[in-house]
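K.L.:
Sequence:
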Amino acid sequence: MQPGSFKWLKAYLVALALVFYLGNAHALIPWPEPTKQMQELKKQNNLAEWLYLRMDYNYANPKNRLPFLMQTQKETWRKPISEAEKSAWMMLLSNQGYYQLQAADILNSINCYEEAYSFFYQHKLKNFDVVEYVLKPLSNNYTRLGDYERSIFIHTKALAQLNPVSQGDEMASIYSNMAICYHSMGNYLNAEACIEKGRNLTKSAELQFNLNTILAEVYLELRMLKKANILIKSNLKSIKQINENNAYGLMGLYTTLGKVNLKSKEAAQAIENFRMALKLLKRWYPDGRLREKANLYAQLGTALRLKNEPQKAIDIFNAALQLLKVNTPLNQTQVSHIYGENKLAEIFEQKAITYATLGNDAGALKNMQYALMAMDKIRKEFADDKTKERLQQEAKAMAEEAIGIAYGIHQKTRKQAYLNLILEIAEQTKSRTLADQIQRNKLQLLKGGLDVDAKKRQIMESALRYNERKLMTELNASVYQKNIDALKFDLALLNKKNRAQEVAVNTSAADLLHSLPPTLQVIEFFVGSKSIFLITIQNRKVKDVQRIDQSEVLKNNIRKLVNTYYQHGPDMMLNSPKAFFTLSNAVYRQLLGGIVFSKNEKLCIIPDDLIGYLSFDGLVTSNTYIANFSDWPFLIKRLQITYAFSLSTLSPGKKATDQTSHFSGLFITHQGKAKQALPAVINEADSIGNIIKGTYLFDKQVTTKSFFKEFDRSDLLHISTHAYLTGDRKEPTLDFGTEKLFLFELQSRKNKPRLIVLSACRTGDGLLAEAEGIISLSRGFIAIGTPATIAGLWNVNDDAGAKITADMYRELVKGQSSGEALQHAKLKWLNTAKASSAMYLPYYWDSLILMGTDEAIPLQASTSISLYLILCAAIVFFAFAFIIIRRKGL
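Position one of the sequence shown corresponds to residue 3 (the numbering used here), numbered consecutively onward.
Because the hints were derived from the structure by calculation, they are not lab data.
Since the model is a prediction, treat every value here as computed from it, not as a measurement.
Wrong hints could be hidden among the right ones.
[As the list claims (entries may be wrong)] List of simulated lysine-lysine pairs, DSBU-like, C-alpha gap at most 30 Å:
1. Lys498 <-> Lys532
2. Lys265 <-> Lys235
3. Lys732 <-> Lys695
4. Lys138 <-> Lys498
5. Lys327 <-> Lys368
Please model the complete structure; the sequences and the hints are all you need to start from.
P.N.:
Take a look at the structure:
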């Protein structure tokens with residue numbers, strides 16, 4: 003129980019004794035609000051005792067008096083000044099957080115503890131047990147929410163406050179909680195390491211019991227069921243008598259045993275153990291632990307479903323929802339009461355699956371939507387983008403179930419509403435973190451840097467970028483990781499103040515469809531573990547949804563096509579052209595074989611999962627092998643293809659204008675310590691210089707400073723240099739010769755190019771974040787507001803890249819859109835005679851793709867004559883003069 007000072011509670015000792023004797027004194031002996039005492043303390047200006055009085059009053063009946071406790075700040079007449087008052091204020095915030103959690107309001111509980119955290123470190127209180135009353139409950143709340151990164155950060159802060167010699171038990175308890183976090187993240191190695199550290203720090207039987215239970219959970223996830231059973235039985239034997247000190251741990255042990263039973267397909271045994279756990283909770287915590295009780299109901303319902311008792315399972319799930327105050331007593335789900343909590347999402351998900359077994363597709367779909375709604379509300383509370391990406395992975399499994407149910411209903415009813423719903427669900431779990439970044443950057447730019455919070459944010463973000471750069475470039479970098487974690491946490495608290503002003507990412511099908519150009523056809527992919535769905539959009543309407551079953555077969559084909567023939571150079575394509583042709587056509591037929599396209603149609607592909615590594619231009623559309631590579635039936639010969647991360651990240655194009663756009667080109671023409679010349683880059687710069695008027699910077703002129711300067715004033719920014727993935731984190735990196743620019747250093751700015759051309763290797767490549775897309779430089783530029791990028795998915799062939807890029811600019815100058823210009827440049831490559839037929843293979847010409855908005859960018863044609871032509875003319879002139887002089891005998 004969370005303590006207050008309880009000084010004022012003594013006067014009611016007799017009354018409380020009677021309360022406990024009768025079992026329900028709150029109803030029998032009301033305790034009137036201590037108005038007179040509060041007024042007297044206020045007159046005395048005794049803030050500390052006034053705060054304790056309110057806490058003691060709430061303690062006697064927290065269920066009914068919690069609103070009174072939460073009203074305290076509004077009724078406070080001044081801020082705390084003395085150390086004692088500040089400690090009382092800390093205790094108030096801690097009590098508010100504790101009782102909010104007991105009422106199952108985890109989000110407001112977190113708010114209270116975060117406020118306490120900020121207050122403690124702002125005032126540097128010395129005589130307050132911040133570990134017990136703030137850090138431990140706050141980190142555990144983050145764990146409950148699923149924000150394991152922040153939870154581990156706070157656990158680490160708590161460990162730093164403790165002494166391993168005198169506070170070994172407290173440290174072991176924290177390591178126990180950290181192990182739960184790592185276990186939940188799937189990092190079982192770190193979980194076991196934390197358990198071992200905890201075991202070495204404590205001799206407490208209770209803590210050893212808890213650590214063994216968590217280790218059993220780890221074994222359960224690793225499917226080491228025998229080891230899990232041995233640990234559980236050992237723990238059970240250690241319990242001689244159940245009391246209030248071990249009842250909660252024993253409940254957890256029975257819960258784990260029930261999960262082991264489910265893994266072993268022993269549903270009946272699981273039900274028995276879950277009921278034992280519930281019995282313990284009801285006996286020892288009759289009015290509390292609502293979340294734990296709801297969790298056990300969810301586990302019990304799942305076991306009943308697996309035991310083929312679906313209606314009983316539904317009843318149990320409804321009981322859990324009533325307990326969490328989401329369902330009415332008549333089991334009507336109150337949509338406005340759905341909040342962000344992973345256990346709540348799990349209950350709705352299991353209820354949906356159970357309805358599906360009953361053949362109630364409508365009920366299944368509705369509850370799966372509720373589950374996704376809860377997940378969506380969780381992600382709003384998450385601070386770190388990596389945490390959001392992990393949540394997206396969890397939500398995607400639910401989305402796959404929901405789309406599958408909606409697809410089945412549409413097949414029966416043919417109602418358009420279900421096609422729109424499938425699109426909405428797909429968009430809910432596609433590149434949402436990217437969409438959030440775009441929205442957040444827009445908001446910050448609108449607010450400017452005038453308010454105090456904005457200035458703080460700028461300083462903190464600058465410090466964050468500095469520490470991230472140090473982490474990437476220095477060997478002994480552990481101190482920088484600590485700084486990064488602290489800065490991210492503080493930034494999250496600062497950003498939380500402005501969360502109410504953030505505009506939610508729009509995933510409404512009607513709005514998304516309306517924002518599309520009317521002539522653009524879109525195919526959006528949703529890749530699940532069992533099936534792949536193709537959502538076809540024409541004339542701003544979802545025309546059809548197709549399902550491809552046996553998802554793994556197609557994924558394996560794509561993986562083989564990309565890894566074998568593109569990512570590791572052209573040799574395999576050169577040595578086995580027929581095998582490539584056959585596989586490429588198989589992938590084409592699996593992905594697009596059921597769709598009829600019009601000639602020269604504009605198609606936007608929204609990829610998913612491994613499909614993001616694939617360029618569709620080079621897919622072979624016929625299964626009849628042709629020996630001549632230049633005659634191969636590539637898809638680019640039929641369609642103009644662009645790409646987008648999602649519909650919600652696709653910016654509308656600018657209206658046509660006669661105003662000329664500014665072009666800037668950055669070229670690294672010499673590379674390495676020896677400064678070896680790169681002829682292809684020199685030729686590319688020279689070719690573009692002959693086509694477009696603009697600003698051209700070379701080698702030492704290209705720095706991060708000049709990059710951001712040109713970024714701010716350019717409509718089209720061209721970058722020609724090396725790019726690669728750096729370090730264990732595979733951080734996308736642009737090489738500027740003496741400097742490097744990392745993905746995390748890209749920051750939103752007021753002015754930005756309409757198109758960035760990344761004429762470099764692997765600028766569209768990176769690590770794949772499931773349901774988020776490829777974390778690449780291309781994505782980074784989209785995140786800070788650039789409408790479109792042209793980037794390479796694999797290593798660009800220097801000569802082909804330079805020629806195709808120059809031809810693309812020729813088409814842009816003619817007024818074509820960026821998508822049209824890139825297509826025509828690639829087609830020109832295919833239609834021009836080559837010294838070697840190998841150069842017609844797609845490895846050489848198909849790396850560059852347009853991601854984002856396809857629009858025309860009016861550029862000013864160059865009137866300059868290249869240095870190369872000047873030199874040639876000079877040579878001809880002097881040769882001609884020499885001949886004349888010789889003939890005249892001069």
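K.L.:
Decide, hint by hint, whether the structure agrees.
P.N.:
Now for the hints, and whether the structure bears them out:
This hinted pair does not check out: Lys498 and Lys532 have alpha carbons roughly 37 Å apart, beyond 30 Å. Taking the CA atoms of Lys265 and Lys235, the gap is near 17 Å; set against the 30 Å cutoff, the hint holds. For the given pair, Lys732 sits about 36 Å from Lys695 by alpha-carbon distance, which is inconsistent with the 30 Å threshold. Simply put, Lys138 and Lys498 have alpha-carbon atoms about 21 Å apart, close enough for the 30 Å limit, and the pair holds.
In summary, the hint linking Lys327 to Lys368 is supported, as the alpha carbons are separated by about 18 Å, within the 30 Å threshold.
Hints 1 and 3, counting from the list given before, are not met by this structure.
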